[in-house]
Amino acid sequence: EPEVTQTPSHQVTQMGQEVILRCVPISNHLYFYWYRQILGQKVEFLVSFYNNEISEKSEIFDDQFSVERPDGSNFTLKIRSTKLEDSAMYFCASSKRTEAFFGQGTRLTVV
Amino acid sequence: SQQGEEDPQALSIQEGENATMNCSYKTSINNLQWYRQNSGRGLVHLILIRSNEREKHSGRLRVTLDTSKKSSSLLITASRAADTASYFCATDAFGGGSNYKLTFGKGTLLTVNP
Chain A
2 EPEVTQTPSH
12 QVTQMGQEVI
22 LRCVPISNHL
32 YFYWYRQILG
42 QKVEFLVSFY
52 NNEISEKSEI
62 FDDQFSVERP
72 DGSNFTLKIR
82 STKLEDSAMY
92 FCASSKRTEA
102 FFGQGTRLTV
112 V
Chain B
19 SQQGEEDPQA
29 LSIQEGENAT
39 MNCSYKTSIN
49 NLQWYRQNSG
59 RGLVHLILIR
69 SNEREKHSGR
79 LRVTLDTSKK
89 SSSLLITASR
99 AADTASYFCA
109 TDAFGGGSNY
119 KLTFGKGTLL
129 TVNP
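Same order as they appear, the protein sequences are chains A and B. If you're matching positions, the first sequence starts at 2 in my numbering and goes up one per residue. If you're matching positions, the second sequence starts at 19 in my numbering and goes up one per residue.
Simulated from the structure, these hints should not be mistaken for laboratory data.
Per label pair, the in silico range of CB-to-CB distance:
#1 B:Asn48 - A:Glu2: 23 to 29 Å
#2 A:Gly17 - B:Thr38: 43 to 49 Å
#3 A:Gln65 - B:Thr129: 34 to 40 Å
#4 B:Gly77 - A:Thr77: 31 to 37 Å
#5 A:Gly17 - B:Ser30: 42 to 48 Å
Only part of the chain A face toward chain B is listed, based on derived beta-carbon distances under 8 Å:
#6 Tyr32
#7 Glu57
#8 Thr99
#9 Glu100
C-beta atoms are modelled at their ideal positions from N, C-alpha and C, and glycine is treated no differently.
Please model the complete structure; the sequences and the hints are all you need to start from.
See the structure below:
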């Protein structure tokens with residue numbers, strides 16, 4: 002069964018460093034998303050991407066964040082200068098339309 | 019206001035019993051989805067119910083939707099220890115263009131005791 006895959010599963014980074022989280026969405030899906038979940042809190046929407054551009058972003062998704070679809074298969078989230086409060090589980094998701102399928106997540110720890 | 023609030027926050031039952039979790043939301047929706055998350059793991063899609071549907075089944079899962087009350091319920095029948103997880107409802111808000119952003123609730127932590 003097709004699935005969304007994310008790498009790495011866990012990343013530890015120094016505060017101020019750049020990180021790139023990678024995702025391979027399901028191949029025939031058109032909409033791509035990043036969500037995050039701070040430990041013990043809700044899953045929060047970050048950004049949606051459609052037709053090679055951002056279609057919506059939340060207030061969390063500030064200038065430190067960017068997304069890219071560098072080729073036909075990958076979808077990346079870059080955090081330019083990580084802060085301690087960026088520590089969270091980051092989920093990539095994709096959908097054909099409404100039914101969104103999530104990856105296993107990348108646990109980002111900023112120290 | 020919070021969109022997609024589940025209750026109870028935690029539910030503990032014995033294996034074989036049924037588990038019912040509820041979700042309430044504030045604004046009009048297109049669809050409501052239920053997800054499961056095992057501790058520290060990814061979100062597994064369980065079922066989607068559209069705003070014009072009232073009930074949907076998938077295996078041991080039954081989902082109802084009452085748009086007049088802005089609420090949904092997830093029933094897991096004949097629960098198993100492996101059903102132990104957090105369960106989230108997520109509603110979508112159709113944005114401008116083509117966009118299906120999901121808003122999640124805080125989840126119900128279900129513990130099924132063997």
